[in-house]
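Q: Residues per chain are reported as follows:
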Amino acid sequence: MPSELDTRLFDPGRINLLIGILLFLAFLIINMLRARAGHSFFIRPLAGLQALDEAIGRATEMGRPILYMPGLGDMSEVGTLASITIMTRVARKVAELGCDLEVPCYDPMVMAIMDGVARQAYREVGREHDYKVGSIYYVSAQQFAYVAAVTGMMLRDRPAANIYMGSFYAESLFLAETGNLTGAIQIAGCDKVTQLPFFVCACDYTLLGEELFAAGAYIGREPVQLATIAAQDWAKALAIAVMLIVLLLTAFGHPELRRILQVS
Amino acid sequence: MYLGPILLTFVVGATLIALYFIPHHQAQEINSELLLWATIVYAFALILGSVSLWSVHAQRIRQRISGWPFSLVTLFALLGTTFMGVAWGIGEESPLGRFYSMVNSPLASTMFALLAFFIASAAFRAFRARNVEATLLLVTAIVMMIGRVSVGEFIWRGFPGLTEWLLDVPNLAAKRAIAIGVGLGAVSTALKIILGIERGYLGRTR
Amino acid sequence: MTWADRLLRLDRRIIFLLVAAGTALPLLMPVNLPISVSPRVEAAYQTIDVLPAGSTVLFSLDYEPDISAELQPMTIAIMRHCFRKNLHVIALTLYPAGPGLVEPAIRVAATKEHKVRNKDYAFLGYKSGFQTVMIGMGESIRQQFPVDFYGTPLDSIPVMRGIRNYGEIALLVNLTASSAADYWIQFAVGRYRKPMVLGATAVMATDYYPYLSSRQLLGLIGGMKGAAEYEKRMDLFGDARRGMDAQSLVHVIVAFLVILGTVALFASGQRGPAPRAEKPQE
Amino acid sequence: MSPVETWIAAFLTLCVFSFLYRDNPFYRFAEHLFVGSAAGYLLAVQYQNVILPNVVLPITTGKPTPQTIVLTLIPLMLGLLMVARVSPRFTGPARWAIAFYVGIYSGIAVPGYMQAQIYAQLSDAVKPFAPGWGAVNSALVLIGLLTVLAYFFFSAPHQGLHGVSARVGIWFLMVAFGASFGYTVMARVSLLISRVQFLLRDWLHLIPMS
Numbered sequence: 001m002p003s004e005l006d007t008r009l010f011d012p013g014r015i016n017l018l019i020g021i022l023l024f025l026a027f028l029i030i031n032m033l034r035a036r037a038g039h040s041f042f043i044r045p046l047a048g049l050q051a052l053d054e055a056i057g058r059a060t061e062m063g064r065p066i067l068y069m070p071g072l073g074d075m076s077e078v079g080t081l082a083s084i085t086i087m088t089r090v091a092r093k094v095a096e097l098g099c100d101l102e103v104p105c106y107d108p109m110v111m112a113i114m115d116g117v118a119r120q121a122y123r124e125v126g127r128e129h130d131y132k133v134g135s136i137y138y139v140s141a142q143q144f145a146y147v148a149a150v151t152g153m154m155l156r157d158r159p160a161a162n163i164y165m166g167s168f169y170a171e172s173l174f175l176a177e178t179g180n181l182t183g184a185i186q187i188a189g190c191d192k193v194t195q196l197p198f199f200v201c202a203c204d205y206t207l208l209g210e211e212l213f214a215a216g217a218y219i220g221r222e223p224v225q226l227a228t229i230a231a232q233d234w235a236k237a238l239a240i241a242v243m244l245i246v247l248l249l250t251a252f253g254h255p256e257l258r259r260i261l262q263v264s
Numbered sequence: 001m002y003l004g005p006i007l008l009t010f011v012v013g014a015t016l017i018a019l020y021f022i023p024h025h026q027a028q029e030i031n032s033e034l035l036l037w038a039t040i041v042y043a044f045a046l047i048l049g050s051v052s053l054w055s056v057h058a059q060r061i062r063q064r065i066s067g068w069p070f071s072l073v074t075l076f077a078l079l080g081t082t083f084m085g086v087a088w089g090i091g092e093e094s095p096l097g098r099f100y101s102m103v104n105s106p107l108a109s110t111m112f113a114l115l116a117f118f119i120a121s122a123a124f125r126a127f128r129a130r131n132v133e134a135t136l137l138l139v140t141a142i143v144m145m146i147g148r149v150s151v152g153e154f155i156w157r158g159f160p161g162l163t164e165w166l167l168d169v170p171n172l173a174a175k176r177a178i179a180i181g182v183g184l185g186a187v188s189t190a191l192k193i194i195l196g197i198e199r200g201y202l203g204r205t206r
Numbered sequence: 001m002t003w004a005d006r007l008l009r010l011d012r013r014i015i016f017l018l019v020a021a022g023t024a025l026p027l028l029m030p031v032n033l034p035i036s037v038s039p040r041v042e043a044a045y046q047t048i049d050v051l052p053a054g055s056t057v058l059f060s061l062d063y064e065p066d067i068s069a070e071l072q073p074m075t076i077a078i079m080r081h082c083f084r085k086n087l088h089v090i091a092l093t094l095y096p097a098g099p100g101l102v103e104p105a106i107r108v109a110a111t112k113e114h115k116v117r118n119k120d121y122a123f124l125g126y127k128s129g130f131q132t133v134m135i136g137m138g139e140s141i142r143q144q145f146p147v148d149f150y151g152t153p154l155d156s157i158p159v160m161r162g163i164r165n166y167g168e169i170a171l172l173v174n175l176t177a178s179s180a181a182d183y184w185i186q187f188a189v190g191r192y193r194k195p196m197v198l199g200a201t202a203v204m205a206t207d208y209y210p211y212l213s214s215r216q217l218l219g220l221i222g223g224m225k226g227a228a229e230y231e232k233r234m235d236l237f238g239d240a241r242r243g244m245d246a247q248s249l250v251h252v253i254v255a256f257l258v259i260l261g262t263v264a265l266f267a268s269g270q271r272g273p274a275p276r277a278e279k280p281q282e
Numbered sequence: 001m002s003p004v005e006t007w008i009a010a011f012l013t014l015c016v017f018s019f020l021y022r023d024n025p026f027y028r029f030a031e032h033l034f035v036g037s038a039a040g041y042l043l044a045v046q047y048q049n050v051i052l053p054n055v056v057l058p059i060t061t062g063k064p065t066p067q068t069i070v071l072t073l074i075p076l077m078l079g080l081l082m083v084a085r086v087s088p089r090f091t092g093p094a095r096w097a098i099a100f101y102v103g104i105y106s107g108i109a110v111p112g113y114m115q116a117q118i119y120a121q122l123s124d125a126v127k128p129f130a131p132g133w134g135a136v137n138s139a140l141v142l143i144g145l146l147t148v149l150a151y152f153f154f155s156a157p158h159q160g161l162h163g164v165s166a167r168v169g170i171w172f173l174m175v176a177f178g179a180s181f182g183y184t185v186m187a188r189v190s191l192l193i194s195r196v197q198f199l200l201r202d203w204l205h206l207i208p209m210s
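Listed in order, the protein sequences are those of chains A, B, C and D. Read in this note's numbering, the first sequence has 233 at position 233, and its numbers run on one by one without any break. Read in this note's numbering, the second sequence has 72 at position 72, and its numbers run on one by one without any break. Read in this note's numbering, the third sequence has 156 at position 156, and its numbers run on one by one without any break. Read in this note's numbering, the fourth sequence has 72 at position 72, and its numbers run on one by one without any break.
With the rest of the complex left out, here is chain A:
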């Protein structure tokens, strides 16, 4: 047999990756401890988030529903996870004001989770019985079947606000263009760079790439969540520092250090 069965308990070629994960974990924990100790974190404001409340308010006045699309990513996409966190805020606001919410889902797992989030939000504001079963529903895990159903819904039910948060793909232009045609307020957040130009053009506010993840943490303004954004910034700073040091050393004839970034 050409390749023997592997019996090693650790792959030494990956130790640098392990160190990276542990460092990042340390950044997270240090910043969370700082947050516990009462340190307040500055996070630059994200315009799209401030617009969310406004949009929900307007929908309530107009008596028309809000359409919340959690993207076409599954649970392995971080954009979906961020979308779930943003949904917690949207659902609570919607529950408070008592307007209609529609959440068509592409992934059944996401549907189940979103349903749980919304129920909980209604419970928290003490309106458990106002939650409409079936307002969060699965449409189809086939991309354009989903698009067909949602655009149809946009044209017929005329939601007052369309909120796109999560990982969107080719459907972005289709949905955003149709939404634009119906005159709804549109707020988007997407981590797929390729689709951003379309959201930027057709929506009132757009969270670009990583801002979507930050929004998830930013939204509750809880110190522990904000601390995680700070930890990410530390990691970014570390990455920049490592890059510059290695480049400088290379310029002075010592390219060896580059190996610390190579994983087997």
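No wet-lab data here; the hints were simulated from the structure. There could be a bad hint or two in this list.
Quick list of in silico lysine-lysine cross-link-like pairs, DSSO-like style, CA-CA up to 27 Å [what the hints assert, rightly or not]: (1) C:Lys-127 - D:Lys-127; (2) C:Lys-194 - C:Lys-119; (3) D:Lys-127 - C:Lys-194.
Listed next, the stretches of chain C that the computed footprint assigns to chain D, with coverage defined by at least 3 CB atoms under 8 Å from CB atoms of chain D [unchecked claim]: (4) 61-69; (5) 249-256.
Glycine residues also receive a C-beta, built at the ideal position from the N, C-alpha and C atoms.
Assemble the complex: chain A is given as a structure, and chains B, C and D must be docked to it using the hints.
A: For chains B, C and D alone, kept in the frame of chain A given last:
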């Protein structure tokens, strides 16, 4: 009520991270088995989803909401395709296979093709050089569109080279920064979930 | 109302008609504009071209009918190239609707290059679960695909003899319209150190330039245009090259529309609708 | 495809194209047909490819060993908990299945993203500069990378040097968006070409078959 599931997420997540560093063949088998389980859970979630789709349309029919006959179409299609696939399989020549290439394929590809029209209308209506940023976007887009096709070379021989440079230098730089940022965001979110800091997915908001 | 104002209110259906005409006319009356081969496609071509005869190339063809316009011609062209160089081909797909496209594509490529199933190539069929399959194949291909698409056990297929896992694969070719590419890069390239060539839709192509520069990918073929370039390099005349005239014309139309929109906006003296999307205020 | 199938496919193609004029009953019919058949198709595929071989067959065929039974029952239990969510009373138990599922994907994500998107990209970013004129490009890539990273710094206001970098970063971002946009036009047009090819060639026979 939440402690159990949070612990489960922690154990499963931490195990999968550990397995990345353990090349032992038995460890890798455990890895495959766990991934398979996730696939199975998803399959059951899809059953849950289909029930949800069914009840939404059944409700529309029961309450005679405008356009309810169309919901009948959805229900028939759902029931019919599921039955065909479970009874006779999903192969290329099975009834479902033929149905798919006759109905789903043309519908999906035509929906996709509509985007060509939408993109043209968006190009006219929304993509306008309002400020420096928008102008940069537009000029790059036009150079790309013209430079990547035969006509571009006809107009100016330097076009293909220019598009390659745009892709290789500014595009590479921006995409790389985004990849790093998104990567960090992803690692951070995943770690938060594994550590139980982020619990939104369990329906717990605080 | 000035001409510019009127132009700004143009019914979008007129634009739709323009696009429809721009697509149909060149298909009915082709002029076959010349095309040149870009360095990325050339790199992909060379990667395959230098493999010694008898090496095994693994194709993961992860796409469905809706996107096949871009990837199907690519599959045929690259496979024909492998067959011409007497390479062994193993194909699989991670999409349930994939086999309906992949099977005919291999058959066309093999027939044109006079190759025989099981002797020169094998088609393993579909298996669900991206990461599961990719990681599992690192352990054993047979465990993931005990039998091929036609139900033949892998052990009785000559071309599969001695092929256990990625260890015996010389090159991975992934043609996809989805994040399957990311996972192949993470697992086959990252975990198992396999060289990889990517064929992607044009939309995805720009996102993968960083991976080319870092040599995680050895070549990149983007969309129908990329497929047309590959066809050209192979001296073939397939569906991709046939579509290129229409492609040129519609691009010109869209570019013209962008410019027209901007000119009309300035001529009308409006600042237009205030920029609706802006970066976050501070 | 047989002639009848081609006609049905062509009819559905036209139903969808009619949406360009405006929403109408034909489009609505196609839309509802599509939603139902897509959901049913996926369900059938999951049944045939996942549930049947991994859950049903291992315990119903041959003599299953205790190990097989346990390894099959665990995911089956988790799956059933998921389905039980149909009734609102069972949202609690379904959390176990969700917790397992999310745990798996978070666990894969950590080393996966760390390797492919952070280490590999950084390691390439610190490659020695290309010689000659290439060094200018290498420098530009580095500047672009640093400034776009600066734009995505959230815990500092965009002021001073950071403000300038973030602004330059936005320019790089816009060029990248433009490139994506150009390529997207290309992709969508290709798909339209293929649909028109189907209508003109396979259905109307106006252009010769290849």
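Q: Against each hint, give a clear statement of whether it holds in the structure.
A: Do the hints match the structure? See the list:
1. Distance restraint check for Lys-127 of chain C and Lys-127 of chain D: the Cα-Cα separation of roughly 38 Å exceeds the 27 Å cut-off, and the hinted pair is therefore not satisfied.
2. At most 27 Å may separate the alpha-carbon atoms for a hinted pair to count; Lys-194 of chain C and Lys-119 of chain C meet this at roughly 24 Å.
3. At roughly 21 Å between alpha-carbon atoms, Lys-127 of chain D and Lys-194 of chain C fall within 27 Å of each other, so this suggested pair holds.
4. Counting residues of the region 61-69 of chain C whose beta carbon lies closer than 8 Å to any beta carbon of chain D gives 4, which meets the minimum of three for the stated coverage.
5. Counting residues of the region 249-256 of chain C whose beta carbon lies closer than 8 Å to any beta carbon of chain D gives 3, which meets the minimum of three for the stated coverage.
Against the hints set out earlier in the document, a violation occurs for number 1 only.
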